[in-house]
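If you read the protein sequences in the order shown, they are chains A, B, C and D.
FYI, in my numbering the residues of the first sequence are 1 to 422.
FYI, in my numbering the residues of the second sequence are 423 to 844.
FYI, in my numbering the residues of the third sequence are 845 to 1223.
FYI, in my numbering the residues of the fourth sequence are 1224 to 1602.
These aren't lab readings, by the way, just hints derived from the structure by calculation.
This one's a predicted model, so the numbers in the text were calculated from it and none came from an experiment.
Mixed in with the good hints there might be a few duds.
Capping the alpha-carbon separation at 20 Å, the derived lysine to any residue pairs in SDA-like fashion look like this [what the hints assert, rightly or not]:
no., chain 1, residue 1, chain 2, residue 2
1, A, 277, A, 349
2, D, 1470, B, 555
3, C, 1091, B, 525
4, C, 1091, A, 162
5, B, 595, B, 738
6, B, 595, B, 525
7, D, 1470, B, 584
8, D, 1470, A, 418
9, C, 1091, C, 1181
10, A, 173, A, 61
11, D, 1470, B, 554
12, D, 1470, B, 564
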Amino acid sequence: MDLTFTPEQLTFRDELRAWLAEHGPAGALTPEPDGEDESWEWRREWQRTLAEGGWAGVHWPTEVGGRGATLTETAIFFEELGRSGAPLPADVLGILLAGPTLMVWGDDAQQERLLPTILSADETWCQGFSEPDAGSDFAAVATRAVLEDPDDPESDWLVTGQKVWTSGAQYAKWCMLVARTGGPVDAGSAGTDVAAAAAGAATGAGAATGAAATGAAKARPKKHQGLSYMVLDMEQDEVDVRPLVQLTGSPEFNELFLTEARVPQSMVVGGVGNGWKVALTTLMNERAGLAFFLQVRLRQALDRLVATARENGRSEDPVVADRLADLHLRTEAIRLMAWKGLTAIEQYGQPGPEGSLTKWLWSETNQLLVQLAVDVVGADALSGEDRWGYELLRARGNSIEGGTTEIQKSIIAERVLGLPRA
Amino acid sequence: MDLTFTPEQLTFRDELRAWLAEHGPAGALTPEPDGEDESWEWRREWQRTLAEGGWAGVHWPTEVGGRGATLTETAIFFEELGRSGAPLPADVLGILLAGPTLMVWGDDAQQERLLPTILSADETWCQGFSEPDAGSDFAAVATRAVLEDPDDPESDWLVTGQKVWTSGAQYAKWCMLVARTGGPVDAGSAGTDVAAAAAGAATGAGAATGAAATGAAKARPKKHQGLSYMVLDMEQDEVDVRPLVQLTGSPEFNELFLTEARVPQSMVVGGVGNGWKVALTTLMNERAGLAFFLQVRLRQALDRLVATARENGRSEDPVVADRLADLHLRTEAIRLMAWKGLTAIEQYGQPGPEGSLTKWLWSETNQLLVQLAVDVVGADALSGEDRWGYELLRARGNSIEGGTTEIQKSIIAERVLGLPRA
Amino acid sequence: MRFELSEDQQEIQRAARDLLAARASFARLRTVVAEADVEPTGMPDLARVPGEDAALTSELATLGWTGIAIPEEHGGQGLGLVDLCAITEELGYAVAAVPWLGTTTAALVVQHEGTEQQREDWLSHLASGELRGATTFTGDRVPVPGAADAALLLVGDPDGGPAALYAPGAGIAEPVRAIDPTRGHGRIRIPELDPEEELNMRGEWLGGTPTPTGPGFDRAAVVVAAELVGVTQRALDMTVAYVRERKQFGRPVGSFQAVQHGAAQMLRDVAMARVMTYNAAWVADAVDAAEDEAERARLAAELPVAAAMAKAAASDAGRTVTAAAVQLHGGIGFTWEADVHWLLKRAQVDAALLGAAGHHRRRIAARTSAVPVVEPAAD
Amino acid sequence: MRFELSEDQQEIQRAARDLLAARASFARLRTVVAEADVEPTGMPDLARVPGEDAALTSELATLGWTGIAIPEEHGGQGLGLVDLCAITEELGYAVAAVPWLGTTTAALVVQHEGTEQQREDWLSHLASGELRGATTFTGDRVPVPGAADAALLLVGDPDGGPAALYAPGAGIAEPVRAIDPTRGHGRIRIPELDPEEELNMRGEWLGGTPTPTGPGFDRAAVVVAAELVGVTQRALDMTVAYVRERKQFGRPVGSFQAVQHGAAQMLRDVAMARVMTYNAAWVADAVDAAEDEAERARLAAELPVAAAMAKAAASDAGRTVTAAAVQLHGGIGFTWEADVHWLLKRAQVDAALLGAAGHHRRRIAARTSAVPVVEPAAD
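With these hints in hand, go ahead and build the complete structure from the sequences.
Encoded structure:
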């Protein structure tokens, strides 16, 4: 057990803190503007600022513009970013998912074309994994790609289908997409929860439909062999992006309608028919860092709630105090579990059960927190014009997006505890 | 809505109260003695007292020694019995299950032989439904009955197998038994939860093994046609009763080992191959009354806990008060749901969802109550020499016996809400 | 002993359900809410309350619904709280965009705690629906449905202290956009009512003098509970319908045990809220009907606990059941397209209105020592 | 930053697990408990503690386990709280019938809160295992493991008031049969310790004068938490093994979603308890190791919250996880035959010992205002 930072890590942190103090919310960063487009542009600017400071891709190798940070340093980065009150960079999908995937699976041409514009936010990314009838069921992906002219070795793929839960699609240049290039749609079985595991981070990059479905049938991995992972250029008429309004009233996600959208063969990543593997191995390790961002944000929300409770006297109600203490405990558990998970990756090269546990615990805790806020804060927390009111509604998505809680539990049961498949 | 009693019902209640005041714990009934056999004999004596007063089978027709009470009167009986602090009669299985079943399905000879000794407790009953590998899965009943000589029309059935969770077996003259008289054991599927529904009341007459299994496969009722319902004479060497000690340390139940135990053909109830139907229709309505007994006992336990909390000052802890209030609410909900269930039976001739709901709510509430008692009462509640300590352990069985909570939930989902079978 | 609505009450409830099925569909609700979001042009229409279905509102008034539990001498229909709850449940089931809770609860409070003069002044206007009302507690715990400057405002003390009645135009309600967009809400920022201090010019003490209150606010809480019963029943029904049809991994989602058990829990929560609510409503009506003074006193002493239990159970169910409905709908449940969010938002406001579950559990705890075990009496 | 036992600590834990697997099986436990139930004949054997495995007890003493966290100058091995927790977890895992918690927690309290004289008087005897100890709070909230008249008794104030040390023979412990039959327990019925009043003849103030205490009892609570981590991990492991094998309706019970999700919840509860416990143990060791005075003070201020969180999480997990283990075993889990009940009983006593979860949440709530956000420092 050693819960201290090395001098090098402390140096890294202090350097980052100094930079954030100058450029972040306490310094030059202006407050988030109203309006969806304005907010996006603001976050994109923020990413450019990060990139200029060399902080946009801390875990990327230095050769591709990153800082070559260790896992612990990456965790420190996200924790400090959250602590400073700064937002995540606009293209977190490009930085955490697309870039690392291309570094593992992309060929030289792909890497040369696509990597340089990610950190700078010159070109941003969205993700096309989830589908309306697939939800968490990767085997049910129905979007099809066919070669325009099978006899022409240079022929493009034409992609037709519908994707959901694509955030940032209206601004994205590229979409990382999974489409069926062979074999039948497996509408009837062979579920795996890969969509849940890989479909996106808890910030909303992906979401699963259907509350409890997981691995309903015996695993028949062959059914995934017809899938391919491709990079779609969003700048074409065959791609139709429609905002999908959430119950909060915000169009945080989009639906994507593809009608013979064109993808050159050169933009298939990791080989035709290999899409399941590419999507699955989209390094989960890097995303471990996000847990630190979420954890700090949770802690900050709790601190705000405690401060309010102290101001209005509600903290003197022992029942409220008991619930606040429980939230403290849970938030601290998330922090410690995140570190424990990082140790597991560092020591054994693979994540422990902490990923699904912290996702589940985080979403549940955040939901408890915003619900308690109604009892502590009062009318503001039910006002459509207040942050608490928004958070109360937004938090309901926490246990759905990025793999439902039910799926997290099933993953834990089957993969961690080794129970027989449901 | 009318939550009052009619004058006739009030007269019934007052008569009963007067009788209980004279003969019950406030009157002639001595305290429960130590020792298992002594306690049984005491409860048997109590049943005789009830029978002499005409209170043993209030819902039985007057022709067979009952009082011909209405459902509401039966509910009043059990509520008042509980309120008086008196125990249930020793042979609650005979009174609530065997007797009513025989009245519906038994032929004249069976009724004449078996009914007259039930209320008087001259002959008592046990129940042989559950098996070690069947649990809640009625279709998996493996106990077999074969005709000693198939060519002899007078031949006896010879029954071989093992039954579990038989309470009172060591004292019983008769066992109502379900055995396989034809068809293969269906070890692999066709589960129904009839065992849970019919296997016994929450007082411990039956228990289900396996926490969550229910209706795993599509219903194939044909598989139950090989079962027969028979009355076994316990007074034979081929029946071996072994006590099954519970985690409380008490041998509340037994295991029953049958090795070619003899049952005359005349003791098959409702016809060979009809056992599933007979067991299933073992009138649940009468047992609705038991809910009132349990509800009053829960209420009394809560009152004891509140009294202790007030004595030792713990009730002034708002967190404790909050939990006590929740228990109050739940206990009252059980009472009201029991009445609502009775109305449903009276109005429409069949029970509503209240049966499974109250069973589930009751067991959960009792478990919360005894666990809160540890925090309220202190050391006594963890002492092996104290009633609270015993109840803390005993309550863990509440969510298992008489159909696990998981099975109650599945029954509600499939039968009440009409969800597709799991 | 019959725990079920009477034939008449069932008839009233059925009629309400039929009418609302025709008039208050979710499609209609979407239109109404969308209209409310339109920026006004020209002179603002003062008669128009954002998020409110004006046509349905006036139809209900015409049908006499608003006055259903108001005595006939004040222009109402003189029915009981059970009847009012049976209708309110249906309005909750429909998430009807009408100023219902505020007006009906205000009438109950005036009727059961006001002076003769106050009843005379206000009940007939509330009964006809021409006057809106709103009811809340001090402390600004919740956006108050119906609270507008043109409404009659009843402000009570959560701990049973004196309550105030504010005539329209008192200037204490400020409009607010609540998370629930399906009706008008206002904020009433009165931290507490001090019997030693003068009230607002348009305010007067409920009942004439600063004395402890209860029976009106208890009934009001039961009505809010009834709306929650309807809202949660709808959430359950929609969820059951959805998971029966929706397939994943080749099976209906509703055949997964986690979904089954989640739905069973929803049913249990709704069922608990329902029995507690109708029990409390029945006790209230029994108080009014009691001819014997001792019997009336006994029942009146039961009402606060019964009402607190109803509101505690319904508030808890409101939060958990609607949250479960979103969850069991999966991703689609989190969208504006799916209609479950109307239920979630309505339930969140109602759960806090006139005291959340914790508040009412405190009341239960404080009173269960003094109140004897409930025991049915003669009819 | 490495959230994992060191190589040495893993080695110690492994050795403990291996030894206990050989010596402290459930079969052995049954023998020990059965012996305790035998009615004594002739002269009672005063050396024999009911429910205690005498052979294992003396073996552990011989191996030096009892002194593992006691300074070398007092005859111990001078290791830290993390090491002690690693071993304690294994003893919990085995539900070993040895007087472990009482003795090790007593030593921690004397060591961290006693006077030099008190340490001198008692630590070496505790280290050698020849003297038993027991630790509890005033208020008689729990049967105290190890509390016998022959033991050294430490009685603290749950709210951090002064604590008392009672030498063997003080006559304040009366034997009791706790629901957990796998070790000896006693009742200590001291409602409170009044600094103004004289202590029992054999009693003295811990630390010499009636002053607020904490660091010893906090460490003691962490050790109890560690035992609970072991108990709950065992409950999880046994349940997983059972539901993998047990079939119903033709399928392994563990393939039912309700069982899967129940088991996942167990894992989460255990995992939370574990990280909180080892974090608290690490903080305690860091206090001891800190060379810088300010750093030591900072860490010392963290310890109460870290310890409270550990005990709160472990107490909750102890109750819920062992209850879930019984439930997921189904009918068989409710029998004496199935070994899960040993875990349930041990967990229930430990959950209440030195404060149940609610008590520690109160401490967290009272202190989280004063303590800054935990932040890793330089190593």
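Numbers of unmet hints, in rising order: The structure conflicts with hints 3, 5, 10, although it agrees with all the remaining ones.
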